[in-house]
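Visitor: Next come the chains, spelled out residue by residue.
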Amino acid sequence: MTKRILVVDDDHDVRTLIAMSLSRVGGHDVRAAASGSECMAELEQWVPDVVVLDVMMPGMDGPATLAAIRATPAVAEVPVVFLTASVVEADMERLHSLPVSGVLGKPFDPMQLPTLLSELLGW
Amino acid sequence: MRLLGTRDTADSTSRRRSDGFDSTWRPRWFVGLAVATLCVVLVLVLPSETFAWNAVYRGATAVALLAFVLIALRMPRRVRGVWWSLLAFQVLTVVADTVYDIEYIDQSTSFPGTADVLFLLAYVPVLVALGLLIRGLHPGRDREAWIDSVILSVAAASIVGAFLIAPALADSGLTGLPLLVAIAYPFLDLLVLCCLVWLIAGGGRPNPALMLLVLSFALYLVGDVIRDTTLADGIDEATWGWLEALHLAGLLMMALAAAAPGARWVSANEQDGSSRITRARILAMAVGVVTVPILVAIRITGGPSAVNAVLAIAAVMIILLTIWRIALLVRQVENERRITEFVLDSTGDGIIGLDRDGLVAFANLSARRMLRCREEDLVGQRFHDIAHHHHADGTPFAWEDCPVDALVMSGGVGTIQGQTYFRRDGSAFPVEIVVSPLMRDGVLTGSVTSFRDVSERQAVAEVQRQFVSVVSHELRTPLTSIKGSLQMLDSGLFGEVNSEQQELLTMAVNNSDRLSHLVNDILDLERLDAGRMPLHPQPVSAYELAEQAVSGITGAADAAGISVTAQEAPPGATAVVDVDAHRILQVLTNLLGNAIKFSERGSAVRTEVTTEGDMVRICVIDEGRGIPADQLARVFERFGQVESGDARRHDGSGLGLAIAREIAVRSGGTIEVTSEVGVGSRFAVLLPSVRAGGVA
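Top line first, the protein sequences correspond to chains Z and S. With the numbering used here, you'll find the first sequence wraps up at 123, consecutive numbering, no jumps. With the numbering used here, you'll find the second sequence wraps up at 696, consecutive numbering, no jumps.
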């Protein structure tokens, strides 16, 4: 089933890779944003089924963007999945403690990413 | 009287203490004591000056003297002066006693006679011996011991002199030289008494020989007092018997002292050098200090006399010495207080003394500085209410819930981390707290709580954490793009590639995998080193772990043409380990990966699980090229490769086994390896097993 997915990552290449993986491999409807503020602007016009959100971004980072999403009534219930390159245990614990559906690590296998996302969200 | 000897036989040497000081009582010493006691009793009960009495008295004296000579001559150099002086004293005393008896038999006894000259001369070696003992046992200027000795001796001598000797001297009617000689005896005895008190007032290791020597002199002194008090009336038969018995007892006791444990280090300077202030000593001094003025007060009513004048001088002397002693004591206490304060204030940790109710008894300088409090702000206040009243998040922290105060109350010892203290101005800082109980005479009186501001440590840890976080992000983000793009291309999703393009693509995918592993390994090691890889142990079957690891690596094994199998659990077999399953899987995967890498196509790799006592052994066994014996230890070293170039040939970082060992060790186990070149290797991971009811 095609889902609407918003990919948020400041790194152009990674953003492109995720979008390509989810659209070409997973067959989903994917839009991309390069920052937390772009993400919020996009959400004003388009409500996705899930937001795949990078953690470490300049300006509004992942947790700040998540807080903004949860504070916006129209999209407050949209599931969010973090994508992080961090291996620090404390970071992972902090991310898991936030209201997200899951945390995925980088690097990931783009051929497996859609499956991982489906498993996390119970699609 | 060889029985009493202290010859350096192999037997005695073997029983000597490791520091060179013998302290073993020998059976033959007790035989000597029994014989000596029997002799003294016989001297008391046998009719005086009979053949039997003379035989016992003279015989015992001669044997004791002979034994003393033999022992004194064999004493080590460091105590020879003491024992030879005492030997001189013994010889002079025996000679003087004999001369006295001859003069008595000849009816030529006069006072003072030749015997008195010899008796007075005998005090010289006695005082020399006591001086040597004091010098050895009281190194340096031990003024306190000296003052205490003088106070006690003068007090004791005043009592004996006032009530016993002075009346006897007054009644004797002696004048001139005889009176001087009669006074010389108690005066010299006073000196001896003073030395004896000085000797026993010091600290250090108890010495049986020294105690026997003191007892020996005490017997002599009692005899002298009896003799001094009977000057006027003459010595009757019964008193004479007692005097002779005391003299013999003193002589025998001195010989026994020479043969007792500790005789060879009786004056050795191995004491702690400081006199001990004991309750008994303070009580004895207090009695001495109080007695003499009372004595003067009693006697002064009898009108002025020479004895009263001497007593008054003694009283004044004691009072002055007591004042001096108290001044020294106050200075000593003040010095010790300053040293304690200096030490406490010099330490960088805050130190707080708490009573059992958690009230502050003292606070060192660092504590006051860290809390920005004055001493009066802290002392007498409940410390929790001053510095520990809130949690770090600002919620109130009840005293009843405080783990520090719980430890203080229970008298426990412990280190408590993750606490926050508040300064007087309300600002907070993280602390690490160590609580130790304060015991007095075995009773819990409170605790010493030391705390350390860990702000800097936490800041450094945070910087390190951020560094790893940033580095991992900066390395993994481009890797994500490179690896992901290659994997998508390699998947054929965007169309087929020709064989040359495929070869290049495979090469790029493999190398990006290798780079990815290297980054992961380096980050894992950093986290292990920094203790930031917490393990979450849970009971898990070792068989299941091995199966999961094998299942996860089957793809790589198939690609390499190697069969990998996990041993099936025998029926009823349980091998449950208490480990972090995710990390142990990482270890096993690493070992299996290595086994595959270093095995020839067509060979087999298998796992095996066995139980050994409280440990479970999971083995990864291969039929690869094996590892030379001299290289076995190196394989667990970081970047340790059996052959240079292995890392490049086999896509290894050289960190995998180092990480595996770290994880195994931190899981409470270890990794072992056995190998034979050309036959294969066996890597064994030993992990703590779980039995019914918990970890074995």
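Don't read these hints as lab results, they were simulated from the structure. You may find that some hints are simply not true.
[Said to hold, decoys possible] Computed from the model, here is a short list of chain Z residues facing chain S with C-beta under 10 angstroms: (1) VAL14; (2) VAL25; (3) ASP29; (4) SER86; (5) GLY105; (6) GLN112; (7) LEU113.
As the structure is a computational prediction, the values presented were derived from the model and not from experiment. Beta carbons: idealized from backbone N, C-alpha and C, even for Gly.
Visitor: For each hint, tell me whether it holds in the structure or not.
Guide: Do the hints match the structure? See the list:
A distance limit of 10 angstroms between C-beta atoms decides the matter here; for Z/VAL14 the minimum to chain S is near 5 angstroms, and the interface restraint holds. Using the Cβ-Cβ criterion of 10 angstroms, the hint placing Z/VAL25 at the interface with chain S is satisfied: the shortest such distance is roughly 7 angstroms. The criterion of a C-beta within 10 angstroms of any C-beta in chain S is not met by Z/ASP29, whose closest approach is roughly 18 angstroms, and the hint is violated. Interface hint at Z/SER86: satisfied, since its Cβ lies 5 angstroms from the closest Cβ of chain S, which is below the 10 angstroms cut-off.
Given the 10 angstroms rule on beta carbons, the hint for Z/GLY105 holds: about 8 angstroms separates it from the nearest Cβ of chain S. Against a cut-off of 10 angstroms between C-beta atoms, the interface hint on Z/GLN112 holds, since the closest Cβ of chain S lies about 9 angstroms away. At its closest, the beta carbon of Z/LEU113 sits 8 angstroms from a beta carbon of chain S; the interface hint therefore holds under the 10 angstroms criterion.
When each numbered hint is compared with the structure, a violation occurs for hint 3 only.
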